[in-house]
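Can you build the whole structure from these sequences, using the hints too?
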Amino acid sequence: MDELMATLKKEIFEQLNLHHVKPEDIGYDQPLFGEGLGLDSIDALELIVLLQQKYGIKLANPAEGPKIFYSIKTMAEYITDHKKQ
Amino acid sequence: MSFDKAISGYVLIKEGRVMYNDVVLFQLPDAAPAIFFNELYNALHINYPKFFKMDNLCKTVFLATEVLLKDRSLTGKYKAEETGIVFSNANSSIDADVRYYQSSMLAPSPALFVYTLPNVAIGELCIRHGIKGETACFVFDIFDSVFQAWYVDMLLDTIGTKACISGWADFCDEKFEAFFYLLEAETDNKLSIKHNSENIDKLYNHVWTS
Amino acid sequence: MEVYIAGKGIISAIGLNVDETLQSLRAGKSGIGNQTNLSGRRDNHLPTGEIKLSNAELATMAGLSAEYSRTALLSMIAAKEAMADSGIHINGLRTGFISATTVGGMDKTEQFMTSYIRDGEFKNIEQVLYHDSGAATELVAEPLGIKHFVSTISTACSSSANSIMYAARLIKTGVLDVAIAGGADAMSLFTLSGFNALMILDENYCTPYDENRKGLNLGEGAGYVVLVSEKVAERLLKAPTVKLTGYANANDAFHQTASSPEGKGNYLAMQGALKMSGLETTAIDYINLHGTGTANNDLSEGMAIQRIFGEQVPKSSSTKAFTGHTLGACGGIEAIFSIMAIEQKMIFPNLRLKTPMKELSFAPVTELMEGVEVKNVLSNSFGFGGNCSSLIFSKVN
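Protein chains in written order, with this note's numbering: chain A, 48 to 132; chain B, 45 to 254; chain C, 949 to 1345.
Take these hints with a grain of salt, some might be off.
[To be verified] One-sided and incomplete, this derived list gives chain A residues near chain B with beta-carbon spacing under 7 Å: (1) N64; (2) H66; (3) H67; (4) G85; (5) I89; (6) L92; (7) E93; (8) V96; (9) Q100.
[Said to hold, decoys possible] If you want a taste of the chain B side facing chain A, the calculated C-beta under 10 Å gives, among others: (10) N82; (11) P93; (12) K94; (13) F95; (14) K97; (15) S147; (16) L150; (17) A151; (18) P152; (19) P154; (20) A155.
Honestly, the hints are just simulated from the structure, not real lab data. For glycine and all other residues, C-beta sits at the position ideal for the given N, C-alpha and C.
Here it is in C-alpha cells:
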C-alpha cells in the first residue's frame, strides 16, 4: 500500500502539472481538492484518465470522483479494491 | 489632468525580452519558452498555481497581461462588464491542438482539450482579472493594427466598454510573441498615447537596440 | 440604423434546407441517432446529430470539390440557400461573408493523420491544406463572389452568434451593405473524443432541461442569415419580415469550460441584448435556449433567465434535442429557428423533456405550438472560455 501511494503521488504530480507544491508537503491523508492543492473539475477528469491509463480502471460515473479522489490514500484503496477484479 | 480615450499602458514580449511602457523589464534571450515563462513568472512574484496547467498560448497572454496590469487593477476602477479583451493571432490554438491530438492517440486528455480553442486564453484572463465585458479573438496572417483599432474603438464608442485589453499574441513552433495595450475611455495616466493604427504599429514594431 | 434579415439557409441532422427543417420541427422528428460517417473509432457508441450524406453527396449539393473539408461543404450549402432566398445580386453592393467554425478542416486532417501514422508517408498532404478555420470560409466566399470582406470567428459554441453580431456591426458602421453571417461545423473525432474526455456526452439521446439530463449529443451542420442595411432592405423585392434588434457578448470569467452557478455571463449577455433592443422583458415571446443538456449549462442558463424574467419567463425550448449540439454552427442554426418561429407563428418543442428541473420555476415547452403571435425571440449561445452571446430577433411591423 505504501509503495502504491508513493507511486500514485508521483503520477498525480506529473499528470496534474503541480509545480507550486512539493510532493513531500502532501500527506497521503490530505484532501486533494478544495483548499490545499487547489484542484478543479478538469483535474478530476485527468485523475479519471490516470486511473484508466495506469491501472486499467474505468470510472464511468464522474459523480463518484469526489469520494475516490478525496486523498491519495482513498485513491490507493480504490485501486487496490478494483484491480483484483 | 484628464485625457480622452487613450492607450494608458502597453507590454511587448518578443525575442526573449519584455518591455513595459518604454522600459525593458525582463530579458532572457535564447531561452526555451518553458524556461522563459517560468523565469518571468518568478520575476513577477505571482502566486497563481493555475498558471502551470495552462497551455503555451495561455501562458503567453497571461504573462503579458500580468505585466500590463502590474501597477493597476481594472476591477477597482471599472465595473466588470465595462472591461473587455480583444486580441488577434496567426496560429489560433494550434500548439494545444497538436498536443491534444497526440494525447488522444492513447488517452484523450481533458486538460489539454480545454485549451484547443483560442478564446479559452481570453477566458483565463477574464477569470484572473475579473473581466466580464465583451471579449473576442480574431485570426489574421499578420497583426492588423487598422482592424484592431477599429474594433476596439467601436466597443468603447458604442457599447459602454470603458477599458479594453487589446493586441496580438501568438505561439507556434516554440516561437512566441505578445503585444498588449490597455485602452481606456478616460485616463490621467502618465503614459497616454493616442489610439490609432500608426501609434499601435510604432509600439508593436519596436526594434531592440542593444 | 436597423439591420434586416433578407434570407436564411440551413443544413443539419433534421433537414438539408429550410423547408425540410420546418417539416421536421413540425413533426417533432429528431435528427439524433447512431453514427455512420466516422468509422474506425473509439467513441462510436455515442449518438450524434449526423447529416446522413457522404462528403461526395454534399459536394454535389454544394457544387464544390469533394476534397474540401466537410465543414466547407456544409457551409456552402447553407450559405448558397441563404443567398438564393434573399434574391440579392451582390453586384455593386459591399458584401461580406462572416463565418464561424470550431473544427475547420479537422476531418480532412484526421484522414491524413490516419494514413500518415499507419504508413509513415506524407501521402495526400493536400488533405491538410484546408485545416485552419479560415480556409473553410475562403473556400466558400470565393465561389459566392464575395471579395469585399471575409472573416472567420472561432469562439467555441457562441461562434456563429458572434459572427451574426459582428456582421450587424459592419452594416451599422457602414462598412458593408450586405453580410452573410453564421457558421458551420462538421463532426470530427477531435471534438468527439474531447467532449467525451470532459465526460459531458450523454450515451443516450440528450434531454435538455430535464431533471435527469446526462449531457449533450454532438451534431453537425451550418446556418446562415443574410443581413442587410435599411437602404438595401427598401429595395428588396421580398420585403423583410424580421430584423435583428439586439445583441451582446459578455464573459462569465469563472472557469475554462464550466459556467458559473448563477450564470453571470449568461445574465450579462441577455441583459445587454435586451438593453440594445429597448424591449421590456415582457415583450419577449420565445427564448431559444442554449440548452445543451449538460447538468452545468442548463442550470446556469436557467438561473440567469429566472433572474432576468422573474415570475414571467417567456415560452422557451432547446432545439438541441432535434439537432444535437452543432458547436460553432449552433448560433447560426438557432438564429434560423428563431426567425422561423416569428415567420411561422410557431414555438418548437423541447423534445424528450419528462421531468422539469427542480431548481427552476419555469419549464420549456414540450409540445409544438402553432398559430401563436411571436414578435420577439431571444436566442442564447454560450461557449467554453466563458464566452456568452445573446441575439434578439424581432418582427418587422
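Give me the numbers of the hints this structure contradicts, sorted from smallest to largest.
-> none
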